[in-house]
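A.B. asks: FYI, the numbering for the sequence shown is -25 to -1, 1 to 313, going by mature numbering (1 follows the signal peptide of the UniProt record, and there is no 0).
In case anyone wonders, no lab produced these hints; they're calculated from the structure.
It is possible that part of the hints are untrue.
As the list claims (entries may be wrong) - Under the rule of at most 25 Å between Cα atoms (straight-line distance), these lysine-lysine pairs were calculated in the DSS-like manner: (1) K24 - K121; (2) K279 - K161; (3) K279 - K155; (4) K204 - K263; (5) K161 - K121; (6) K279 - K267; (7) K207 - K174; (8) K234 - K204; (9) K234 - K267; (10) K234 - K263.
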Amino acid sequence: MFPTFSVLLFSLLFLLNLATNAAMGTELRPGFYSQSCPDAELVVRDVIKKAMTREPRSAASVMRLQFHDCFVNGCDASLLLDDTPEMIGEKLGLSNINSLRSFEVLDEAKAALEAVCPGVVSCADIVIMAARDAVVLTGGPNWEVKLGRLDSLTARIEDSDNIMPSPRANASYLIDLFSKFNLSVKDLVALSGSHSIGKGRCFSIMFRLYNQSGTGRPDPAIEPRFREKLDKLCPLNVDQNVTGDLDATPEVFDNQYFKDLASGRGFLNSDQTLYTFPQTRPYVMLFKDDQKLFFDAFVEGMIKMGDLQSGRPGEIRRNCRVVNSRLVNILLESPRNR
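When you get a sec, could you build the whole thing from the sequences and use the hints?
C.D. replies: Following this line, the structure appears as structure tokens:
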């Protein structure tokens, strides 16, 4: 059978949406959806709140998605695209596979928005709103997000692997990386405070515990009692997907992370070296002693990161995992539409 008229019409609307949005500008501003979808931010926050009720860890997982999306060709939701026969996307990147979580939470937010404002709110903007909400709902600062992004039309695993840092990275490497995006040393340390919530895998710290720099000796920066705790959590024969808290208050967004670094209790190498490296240590000390200063710097860094844009053509995806043109084909190929 031929596709029904409704399916053909729906497909045509998708294609028109694709063509229209590819030509749209990408000027970002607060209140971008105030006319087209006035409840957009409330809808997203409600979804994040419900997800956190089911699993508190989802807040940290959702927040991390902004970092892993925005650093790779700007904030365009390329990270959310599933692989296709023609494309290996970013989810399988070295810094993402077996690490990033809660993609289904953004699916829920997108579905909720499509129900009230179909084809209006981009997945890229959902990532930004959800990250902000995850911070707020765990006790962190609130801020006005700039919106109006487009969703990318493609993704490449190479783009992620060429940019995203390893947990083994040190502060010197991170300073160089952040500078490429016009993010300062202060931005780096403040944004690293995102590890105020969440967990990390044993996989990320085994080299610190058992083979630091290939010497066979543990990382001397680890405080002895914390080292004992990590030894119990991550023995040599452990399932390396076992997780540990990134700071002493993993469900509360606060400045405990910086207090832990100053005590030699940073979970990741990329965290602890912020305290041992001369350029970053002063900011660790500032944020350790002044939570408001940390919150202000964190908000500034998140806004700057959210401004990263590639300038490439885009669209408003109707499904965050699939570009619209492919979604049309999936609908037309569905057996019930034949």
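A.B. asks: Next step is simple, just say for each hint if it's right about the structure.
C.D. replies: Hint check results:
1. For the suggested pair K24 and K121, the alpha carbons sit about 21 Å apart, so the restraint of at most 25 Å is met.
2. For the hint linking K279 to K161, the alpha-carbon distance of about 12 Å falls within 25 Å, and the restraint holds.
3. For the suggested pair K279 and K155, the alpha carbons sit about 13 Å apart, so the restraint of at most 25 Å is met.
4. Taking the CA atoms of K204 and K263, the gap is about 23 Å. The hint holds against a cut of 25 Å.
5. As the CA atoms of K161 and K121 are separated by approximately 21 Å, the hinted pair is consistent with the 25 Å bound.
6. Among the hinted pairs, K279 with K267 is consistent with the structure: their alpha-carbon atoms are about 18 Å apart, no more than 25 Å.
7. This hinted pair checks out: K207 and K174 have alpha carbons roughly 16 Å apart, not beyond 25 Å.
8. Taking the CA atoms of K234 and K204, the gap is about 17 Å. The hint holds against a cut of 25 Å.
9. This hinted pair checks out: K234 and K267 have alpha carbons roughly 14 Å apart, not beyond 25 Å.
10. With a CA separation close to 5 Å, the supplied pair K234 and K263 stays within the 25 Å bound.
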